[in-house]
Each structure stands twice: as structure tokens, then as C-alpha cells.
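Student: Given the coordinates of chain V, assemble chain E onto it according to the supplied hints.
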Amino acid sequence: MKAPDFAYAKPATLAEALDLLARPGAKALAGGQSLIPSLNMRLSAPELLVDIGGLPGLSGISAQGGAVRIGALATHAEIGQSELVARQVPLLAKAVPHVAHAAIRNRGTLGGSLANADPAAEYPACAVALEAVIHVAGRAGTRQVKAADFFKDLFETDLKPGELVTAVDFPAAKAGDRSVFVELARRHGDYAIVGLAVQNRRFVFFGVGSTPVAFSFDGGLDKAKAALKATLRPAADLYNTPATKLHLAGVLLERAWNA
Amino acid sequence: MERLMDITLTVNGTVVTRRVAARTHLVDFLREDLGLTGSHAGCEHGVCGACTLRVDGEVVRGCLMLAVQANGRKVDTIEGLSDSGELAKLQKAFHEKNALQCGFCTPGMLMAAQDLVLSSKKPNREEIRAHISGNYCRCTGYHAIVDAIEEVIHGQG
Chain V
14 MKAPDFAYAK
24 PATLAEALDL
34 LARPGAKALA
44 GGQSLIPSLN
54 MRLSAPELLV
64 DIGGLPGLSG
74 ISAQGGAVRI
84 GALATHAEIG
94 QSELVARQVP
104 LLAKAVPHVA
114 HAAIRNRGTL
124 GGSLANADPA
134 AEYPACAVAL
144 EAVIHVAGRA
154 GTRQVKAADF
164 FKDLFETDLK
174 PGELVTAVDF
184 PAAKAGDRSV
194 FVELARRHGD
204 YAIVGLAVQN
214 RRFVFFGVGS
224 TPVAFSFDGG
234 LDKAKAALKA
244 TLRPAADLYN
254 TPATKLHLAG
264 VLLERAWNA
Chain E
16 MERLMDITLT
26 VNGTVVTRRV
36 AARTHLVDFL
46 REDLGLTGSH
56 AGCEHGVCGA
66 CTLRVDGEVV
76 RGCLMLAVQA
86 NGRKVDTIEG
96 LSDSGELAKL
106 QKAFHEKNAL
116 QCGFCTPGML
126 MAAQDLVLSS
136 KKPNREEIRA
146 HISGNYCRCT
156 GYHAIVDAIE
166 EVIHGQG
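Chains as they are written, first to last, in the working numbering: chain V, 14 to 272; chain E, 16 to 172.
Just chain V, same shape as in the assembly (with noise of 0.2 angstroms):
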């Protein structure tokens, strides 16, 4: 289908932005990867599109003492091309080519990923498993969230209405540290039926919840399994049971494991 009606703005800066996204209906268009498809199928209908690509100020990717920053309008393609980020945030890397497909991860974006929070998407699992921090700007000011507090309920977050998403610093990773990103879906690049992130001893489920559900257990691979199935309550999706997805949840945390 054909997307609705909609005014459309591109401010030069990100404070003539903040105005514009403070109007009702106004909406923040980034890559336009998941909202444009939902503006297709008319689940979305804001009043104004504020088309916030190229705003000077947040993109890139930079190392900030301990950590990398990635800027908000970072696509997928570039953090996959990151050099800084296959070193020092290589969770974040291995997700990367499980987003989408190559003539998506051209245009999405990191921050229109965690901002959208879709439940079975790679990067809000992987933002909890690393206890990323993430940047966040409104008229009112500048704030920084935890990726663990971020992440409210089925794509909703902490974010404000007319608030934005400038910037998320990823923990750099440190020597001896282990990062296993594994993922079942139907087709290759498409939402995961079940994903999981592990940055080390934190294991983050995605497709499993409304939100990145963490796990944690103490012990071996059959204490984990065990506790696994004892606290994770997938709900169905239009082709998979809560228990198939439990089973595969049990795949998944097996080849993890054994990465």
C-alpha cells in the first residue's frame, strides 16, 4: 500500500528539530526502514515527518575513552564496515548481518532500531548484553539511559514524546571477554524467531518477550538449560508455539555455549 497524507520537514539543526518534533502528530523519520513500511501498511499516521538524515552531530563512530560511540544515524552498513567497532565492540559486529538485507542495512539506522525497539530486532538484545548507554535529547535537555532501563514494553521505550536518540556508547570490550551472537529465523536477514546475545556471563533472548528478556543462571550448560525452562514464557508468534520457541531458546543457549 501507499504510505498516508503527511507534512515533512528537514531541519538543519538538531535544536530546529527537538521544535519540530515537540508539534502533536510529529513523528522522527532516520532510515525510514521499519517506519516507512509501517506507514505503508497504515499503522502509523503521524501529521509531520521530521527527516532528521544528515543532521550534523549524529553520526559517526568514535572511541570515547572506554567506550565507542556510534553515533544515531550510523547505518547498518557502516557499523558492519567499522573497523573500530569488529575490535572493540565485536558482539555489535557479529549482529550486524543478521539485520535485514544488504539494500536495508544501506539506510537503517542504530538509533531508529532501538528507538523503533521492536521485539525480535538484533540491536536492543545486543545494546542490554553490552550495558550499552544511550543518549537521548529533547528541549528539556540532554539525558543518557541505561540500555537495561530503556527498553519499557512491545516497541516502547523510555524515550519521551518529541525526544530523540543522538548516540549510544558501547562498552569497549576488554581482553579475554566473549561475544556469541546466534539467531534462528525462517530466511536469512529476516526478524528472529529466537536470537540470543552474550557479551561473557550476560545472556540477552530476543523474539522470546515484549522486550530483550536477560538470563540469568548460575552453574553449567544443564543448570542454565534447566533455569531456562523454568523462567522463559515465550509468547507464540504467526508461525511458532511458545513451546517451539522454548525449544529453540534451548538451541540457541546450547550453541552459545559451545561457541
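Just so you know, these hints were derived from the structure itself, not from any lab.
The C-beta atom is built at its ideal place from N, Cα and C for all residues, glycine as well.
Any given hint might turn out to be false.
As the list claims (entries may be wrong) - Straight-line alpha carbon distances no greater than 16 angstroms define the calculated EDC-like cross-link-like pairs of lysine to aspartate or glutamate that follow:
(1) V/Lys23 <-> E/Asp21
(2) V/Lys15 <-> E/Glu47
(3) V/Lys40 <-> E/Asp130
(4) V/Lys23 <-> E/Glu17
To be verified - Reference listing, derived: stretches of chain V covered by chain E, where coverage requires no fewer than 3 residues with Cβ under 8 angstroms from a Cβ of chain E:
(5) 18 to 24
(6) 41 to 52
(7) 115 to 124
(8) 153 to 165
(9) 171 to 184
As the list claims (entries may be wrong) - On the chain V side, residues computed to face chain E include the following (Cβ under 10 angstroms):
(10) Met14
(11) Pro110
(12) Leu234
Tutor: Structure of chain E alone, referenced to chain V:
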């Protein structure tokens, strides 16, 4: 904050200026305003890949980009890359390997395949499949398409 915007972009080497509704997708702008109907509008929500285009040298979904977002950019379509001869080897291989039947997916498939050809990688069949995973073909079963792309990339043709 307009519902209609004036945009200027370079399409297949030609600078064009048009007034478009902000809601117009890039693929619909190319098809309906410029008459470039080679890029196909299939699923219109980013799943099928039939609308694959090149913007500033990178492949994108024409149904997931607004025409206003292409303002000031360089857009290449299947028409431009066919006329320039850039796709000639792929087109010949698709023909010879029977890599199309109804042809609806073919423009998008060629654009995705050319992206891989230009990447200077030497992908195996699995990697070729991963790269065209965003492009649906409902006729061929993909084997012949992978054959054609493999032949061009590995220079066996």
C-alpha cells in the same frame, strides 16, 4: 512543513526537478512521474526486493525511501544500468542460465547481484544466496539465479 516539495535529483545521469507529495515513495516517483517502470513495486513494505535501486552508489529499497529523501542525490535504475552496459554480463548470464521466468523480480535481482559483483568479493554459493536473500523470486527456485551470478563473479562465462 509542506505536503508538496520541490526536489532535484540526478536520475541515470540526467538532472530532473519535480514537485512531489511528501508521501510519494521513490519507486513510485520513478515509475509514475518519470515513466521509468523497470523498477517494480511488489510488496511495498521492504520484503520482496523488486524495487531495488541504487542511491549514491548503494542499493536501497525504492519502496522504503521517500522521493523527498532522494533530493540532491544520484539515483540509478535498471534502465540506466542497462543502457550503460554495466549489467550486460549479468543479463547475458541470466538469459543463458534461464535465471528468470515471469521476470517480475529480475530488475531488482540484477541490481542486488550487481552490488555483489562490484563488491570485489569472491563469494561462494552460500554467500551469494545470503546477498540475494532480500529478493524474492517465485518462479525459478533460485538455483539458476545463483548459477548466473556465480558465473559472472567467477568469470567462467
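Student: Please name the hints from earlier in the document that this structure breaks, with their numbers sorted from lowest to highest.
Tutor: Of the numbered hints given earlier, those the structure breaks are 3, 8, 9 and 12, listed in rising order.
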